[in-house]
Structure formats: structure tokens, C-alpha cells
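> Generate the whole structure from the sequences, applying the supplied hints.
So the sequences go chain by chain: A and B. Counting in the working numbering, the first sequence runs from 19 upward without gaps. Counting in the working numbering, the second sequence runs from 72 upward without gaps.
Covered, in the sense of this in silico footprint (three residues per stretch, anywhere, with C-beta under 8 Å from a C-beta of chain B), are these stretches of chain A:
| hint | stretch |
| --- | --- |
| 1 | 70 to 78 |
| 2 | 118 to 127 |
In silico lysine-lysine, DSS-like type, Cα no more than 25 Å apart, as pairs:
| hint | chain 1 | residue 1 | chain 2 | residue 2 |
| --- | --- | --- | --- | --- |
| 3 | B | 113 | B | 169 |
| 4 | B | 169 | A | 75 |
| 5 | A | 27 | B | 113 |
| 6 | B | 169 | B | 142 |
| 7 | B | 139 | B | 169 |
| 8 | B | 169 | B | 127 |
| 9 | B | 127 | B | 139 |
| 10 | B | 127 | B | 142 |
| 11 | A | 27 | B | 169 |
Note that these hints are calculated values from the structure, not bench results. In this text, a Cβ means the ideal position worked out from N, Cα and C, and glycines have one as well.
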Amino acid sequence: DSGVTQTPKHLITATGQRVTLRCSPRSGDLSVYWYQQSLDQGLQFLIQYYNGEERAKGNILERFSAQQFPDLHSELNLSSLELGDSALYFCASSPGTDYGYTFGSGTRLTVV
Amino acid sequence: GESVGLHLPTLSVQEGDNSIINCAYSNSASDYFIWYKQESGKGPQFIIDIRSNMDKRQGQRVTVLLNKTVKHLSLQIAATQPGDSAVYFCAENGGYNKLIFGAGTRLAVHP
Chain A
19 DSGVTQTPKH LITATGQRVT LRCSPRSGDL SVYWYQQSLD QGLQFLIQYY NGEERAKGNI
79 LERFSAQQFP DLHSELNLSS LELGDSALYF CASSPGTDYG YTFGSGTRLT VV
Chain B
72 GESVGLHLPT LSVQEGDNSI INCAYSNSAS DYFIWYKQES GKGPQFIIDI RSNMDKRQGQ
132 RVTVLLNKTV KHLSLQIAAT QPGDSAVYFC AENGGYNKLI FGAGTRLAVH P
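Here it is in C-alpha cells:
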């Protein structure tokens, strides 16, 4: 157990729907990162939050949004889902904005 | 089942041999690099890191070599074991602690 908790582990939904993925960082970690991993691609950075504020944004689609709450957990919202959104979504956390973060075990999203 | 990279390059080694996994990075200004290991159905797991002011760093059974001249990173695993079978990713610092990951290499260890 890495200490980063992601729920749900698996999610199957239909095209056009909206889902919310949840991440609880390791105790004491202030930064949360979201990554997408498709079958034929590596890990793609989506977005980073530090202590509730957005710090960096990657190639995140406009249909996707995220936030970090006062208790530091984070949610990634994916809307108007398309088949191509099927992927593993990982959350990671780190103590600050320096290096060496820890990944959760991911949420496998399948859009049918 | 497989969760990562159906078409990844694969390195096949015999148990007990040494493994070398290579990675080319893109940004000459990157100052921090990490190797991650990802087993099927799990998230990436930190193995070892190195800063750009170093050429080599050793951990337990692993060594990372950094050649900034040719923007090349390698991970050496000594006495490879079946438990080392996984996909290995190198990553470079893309600013604000955003990591840019390489495509990954699958390591298959055969008895």
C-alpha cells in the first residue's frame, strides 16, 4: 500500500456520461497530481494541485476538470465521455512541490 | 491482465543476469530524473532518482547512469530476479514537479 488511495478501482460507463474519480493523498502530502495512461501510451500528465490551488496543467481536455479540497483529497471529473477516454487514471502525491512523488494504484475507466 | 503498453519494447533476460534498460530524454535543461517500475495492475513505483549534477547513483541492486552529453539515462539491475519483471519508465522533470515519462520498456525475466 503506497498510502495514496484511489477510488473506485474500476469504472465502466457509457459514452456521453460523466464520472468522478477520487484520490486521497498520503498523510502529510500537500501536492496531488493526476496522470492518464492509455494502453499504447505512457503516462501523460494532466494537472497538479498544491494545497488546494492549481499549480500546473498538462494536456488536459476541456471536458476534464479537477479540484483539491480543504482536506487535501482531490477529484478528477470527466464529462461527455468518449471511447478514447478509456484508460488508467493515476493520482500521485508529494509533500511539497519538490520531487519524488508516490502513485496510487489507479482507476481503470472503461467507456463503452 | 496487461494494463500497460501492448507494444512496448521488451528486454528478455535470464534470471541472475544483469539487465540494462535505456532511455533517451528530450530536454537538455532537465535537472532531475527518476526511474519507476510498474507491475501489472499497479501504479508506478519509485526505484531510484538522480540529479543532473551527478553521473551515477547506486541503490540496492540498481544503478542509474546519466549521460547529459547525449541526453541518455540507463538503469542497471544486478542479478535480475523474476520479481523484477515489469514495465520500467524513465521520467524527467518538466517543471513544477511535473514529470515527463518515457514510453517504457518491458523487462521479462526467464528462469
